[in-house]
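Everything in the sequence shown is counted per my numbering, starting at 418 for the first residue and increasing by one.
Derived from the structure by calculation, the hints contain no laboratory data. Predicted model, so just to flag it, every value in this text is computed and none were measured. Some hints here could point you the wrong way.
Subject to a maximum C-alpha distance of 20 angstroms in a straight line, what follows is the list of computed EDC-like cross-link-like pairs (lysine to aspartate or glutamate) [said to hold, decoys possible]:
no.: 1; residue 1: Lys464; residue 2: Asp448
no.: 2; residue 1: Lys464; residue 2: Glu482
no.: 3; residue 1: Lys459; residue 2: Glu482
no.: 4; residue 1: Lys486; residue 2: Glu453
no.: 5; residue 1: Lys511; residue 2: Asp494
no.: 6; residue 1: Lys464; residue 2: Asp485
no.: 7; residue 1: Lys464; residue 2: Glu512
no.: 8; residue 1: Lys511; residue 2: Asp448
no.: 9; residue 1: Lys490; residue 2: Glu453
no.: 10; residue 1: Lys486; residue 2: Asp448
no.: 11; residue 1: Lys464; residue 2: Glu513
no.: 12; residue 1: Lys442; residue 2: Glu482
no.: 13; residue 1: Lys490; residue 2: Glu512
no.: 14; residue 1: Lys464; residue 2: Asp494
no.: 15; residue 1: Lys442; residue 2: Glu453
no.: 16; residue 1: Lys490; residue 2: Asp448
no.: 17; residue 1: Lys503; residue 2: Glu475
no.: 18; residue 1: Lys503; residue 2: Glu453
no.: 19; residue 1: Lys511; residue 2: Glu495
no.: 20; residue 1: Lys511; residue 2: Glu475
no.: 21; residue 1: Lys472; residue 2: Asp448
no.: 22; residue 1: Lys443; residue 2: Glu482
no.: 23; residue 1: Lys472; residue 2: Glu512
no.: 24; residue 1: Lys503; residue 2: Glu482
no.: 25; residue 1: Lys459; residue 2: Glu475
no.: 26; residue 1: Lys464; residue 2: Glu495
no.: 27; residue 1: Lys459; residue 2: Glu495
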Amino acid sequence: METGNRRLIRPQLNDLKMEKNRVQKKPVPPDQTNAENFYYVKQMQTKTPMVFVLKGGETIHGVIEWYDKACLKINRDEGPNLMIYKANIAYMYKEEGN
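Produce the entire structure from the sequences given, and follow the hints as far as they go.
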(Lines of atoms letter the chains of each structure in order from A and count residues from 1; the text may use other names and numbers.)
(Lines give C-alpha, C1' and ligand atoms only; values in the text may rest on other atoms or scores of the structure.)
Protein backbone atom coordinates (compact mmCIF):
# COMPACT_ATOMS: atom_id res chain seq x y z
CA MET A 1 0.00 0.00 0.00
CA GLU A 2 1.35 3.30 -1.08
CA THR A 3 1.01 6.21 1.39
CA GLY A 4 2.21 8.95 -0.91
CA ASN A 5 2.23 12.56 0.10
CA ARG A 6 -0.87 13.28 2.09
CA ARG A 7 -1.77 16.75 3.05
CA LEU A 8 -4.16 17.71 5.84
CA ILE A 9 -6.78 20.14 4.57
CA ARG A 10 -8.07 22.57 7.15
CA PRO A 11 -9.42 26.10 6.89
CA GLN A 12 -7.16 29.02 7.54
CA LEU A 13 -7.43 30.53 11.02
CA ASN A 14 -8.25 33.97 9.57
CA ASP A 15 -11.27 32.51 7.70
CA LEU A 16 -12.66 31.05 10.93
CA LYS A 17 -12.29 34.38 12.78
CA MET A 18 -14.09 36.25 10.00
CA GLU A 19 -17.01 33.79 10.03
CA LYS A 20 -17.29 34.05 13.81
CA ASN A 21 -17.42 37.88 13.62
CA ARG A 22 -20.13 37.79 10.96
CA VAL A 23 -22.38 35.62 13.09
CA GLN A 24 -22.07 37.77 16.23
CA LYS A 25 -23.02 41.12 14.64
CA LYS A 26 -26.34 42.57 15.69
CA PRO A 27 -28.76 43.75 13.03
CA VAL A 28 -28.60 47.47 12.28
CA PRO A 29 -31.54 49.36 13.86
CA PRO A 30 -33.81 51.28 11.50
CA ASP A 31 -32.85 54.87 10.71
CA GLN A 32 -36.22 56.20 11.82
CA THR A 33 -38.78 54.75 14.22
CA ASN A 34 -41.44 57.41 13.52
CA ALA A 35 -41.99 57.81 17.28
CA GLU A 36 -41.47 61.57 17.01
CA ASN A 37 -44.06 61.84 14.22
CA PHE A 38 -46.55 59.73 16.18
CA TYR A 39 -46.12 62.00 19.24
CA TYR A 40 -46.67 65.20 17.24
CA VAL A 41 -49.76 63.83 15.49
CA LYS A 42 -51.25 62.70 18.81
CA GLN A 43 -50.70 66.12 20.42
CA MET A 44 -52.11 67.90 17.35
CA GLN A 45 -55.27 65.77 17.26
CA THR A 46 -56.03 66.26 20.95
CA LYS A 47 -54.93 69.94 20.87
CA THR A 48 -52.86 69.33 23.99
CA PRO A 49 -51.51 72.54 25.60
CA MET A 50 -47.72 72.25 25.54
CA VAL A 51 -44.78 74.11 27.06
CA PHE A 52 -41.69 74.52 24.86
CA VAL A 53 -38.44 75.38 26.62
CA LEU A 54 -35.95 76.88 24.21
CA LYS A 55 -32.19 76.47 24.50
CA GLY A 56 -31.89 80.08 25.69
CA GLY A 57 -34.24 79.33 28.63
CA GLU A 58 -37.33 81.08 27.22
CA THR A 59 -40.62 79.19 27.60
CA ILE A 60 -43.45 79.25 25.07
CA HIS A 61 -46.97 78.00 25.78
CA GLY A 62 -49.21 76.83 22.97
CA VAL A 63 -50.69 74.04 20.87
CA ILE A 64 -48.91 72.34 17.97
CA GLU A 65 -50.75 73.17 14.74
CA TRP A 66 -48.42 71.39 12.32
CA TYR A 67 -44.85 70.18 11.98
CA ASP A 68 -42.32 69.23 9.35
CA LYS A 69 -38.77 67.92 9.35
CA ALA A 70 -37.26 71.11 10.80
CA CYS A 71 -40.05 73.21 12.39
CA LEU A 72 -43.13 73.27 14.61
CA LYS A 73 -45.94 75.79 14.18
CA ILE A 74 -47.33 76.80 17.57
CA ASN A 75 -50.76 78.42 18.07
CA ARG A 76 -50.88 80.67 21.13
CA ASP A 77 -53.69 82.49 22.94
CA GLU A 78 -51.49 85.20 24.44
CA GLY A 79 -49.52 86.44 21.46
CA PRO A 80 -48.93 85.72 17.81
CA ASN A 81 -48.55 82.20 16.46
CA LEU A 82 -44.94 81.10 16.12
CA MET A 83 -42.85 78.83 13.96
CA ILE A 84 -40.02 77.32 15.99
CA TYR A 85 -37.03 75.40 14.64
CA LYS A 86 -36.79 72.03 16.35
CA ALA A 87 -33.05 72.57 16.79
CA ASN A 88 -33.82 75.53 19.11
CA ILE A 89 -36.06 73.49 21.44
CA ALA A 90 -34.26 72.14 24.51
CA TYR A 91 -37.32 70.12 25.60
CA MET A 92 -41.10 70.22 25.68
CA TYR A 93 -43.80 68.83 27.91
CA LYS A 94 -47.57 68.82 28.36
CA GLU A 95 -48.83 71.84 30.26
CA GLU A 96 -50.37 70.85 33.58
CA GLY A 97 -53.30 72.36 35.47
CA ASN A 98 -55.79 72.61 32.63
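Hints, one by one, checked against the model:
1. Lys464 to Asp448: Violated - the C-alpha atoms of aspartate 448 and lysine 464 are around 29 angstroms apart, more than 20 angstroms.
2. Lys464 to Glu482: Roughly 8 angstroms separates the two Cα atoms, so the pair holds.
3. Lys459 to Glu482: Roughly 11 angstroms between the alpha carbons, so the hint for lysine 459 and glutamate 482 holds.
4. Lys486 to Glu453: With Cα atoms ~10 angstroms apart, lysine 486 and glutamate 453 stay inside 20 angstroms; holds.
5. Lys511 to Asp494: 16 angstroms, holds
6. Lys464 to Asp485: Holds, at about 17 angstroms.
7. Lys464 to Glu512: 11 angstroms, holds
8. Lys511 to Asp448: Since the Cα atoms of lysine 511 and aspartate 448 sit roughly 27 angstroms apart, the hinted pair is violated (cutoff 20 angstroms).
9. Lys490 to Glu453: 15 angstroms, holds
10. Lys486 to Asp448: This hinted pair holds, its Cα atoms lying about 14 angstroms apart.
11. Lys464 to Glu513: 14 angstroms, holds
12. Lys442 to Glu482: Violated - the C-alpha atoms of glutamate 482 and lysine 442 are around 42 angstroms apart, more than 20 angstroms.
13. Lys490 to Glu512: 17 angstroms, holds
14. Lys464 to Asp494: 13 angstroms, holds
15. Lys442 to Glu453: 28 angstroms, violated
16. Lys490 to Asp448: 25 angstroms, violated
17. Lys503 to Glu475: 14 angstroms, holds
18. Lys503 to Glu453: 11 angstroms, holds
19. Lys511 to Glu495: 17 angstroms, holds
20. Lys511 to Glu475: 16 angstroms, holds
21. Lys472 to Asp448: 26 angstroms, violated
22. Lys443 to Glu482: 39 angstroms, violated
23. Lys472 to Glu512: Given that 20 angstroms is the threshold and the Cα spacing comes to 18 angstroms, the pair holds.
24. Lys503 to Glu482: Holds - the C-alpha atoms of glutamate 482 and lysine 503 are around 14 angstroms apart, at most 20 angstroms.
25. Lys459 to Glu475: Since the Cα atoms of lysine 459 and glutamate 475 sit roughly 25 angstroms apart, the hinted pair is violated (cutoff 20 angstroms).
26. Lys464 to Glu495: 16 angstroms, holds
27. Lys459 to Glu495: Answer violated: lysine 459 to glutamate 495 is near 23 angstroms, above 20 angstroms.
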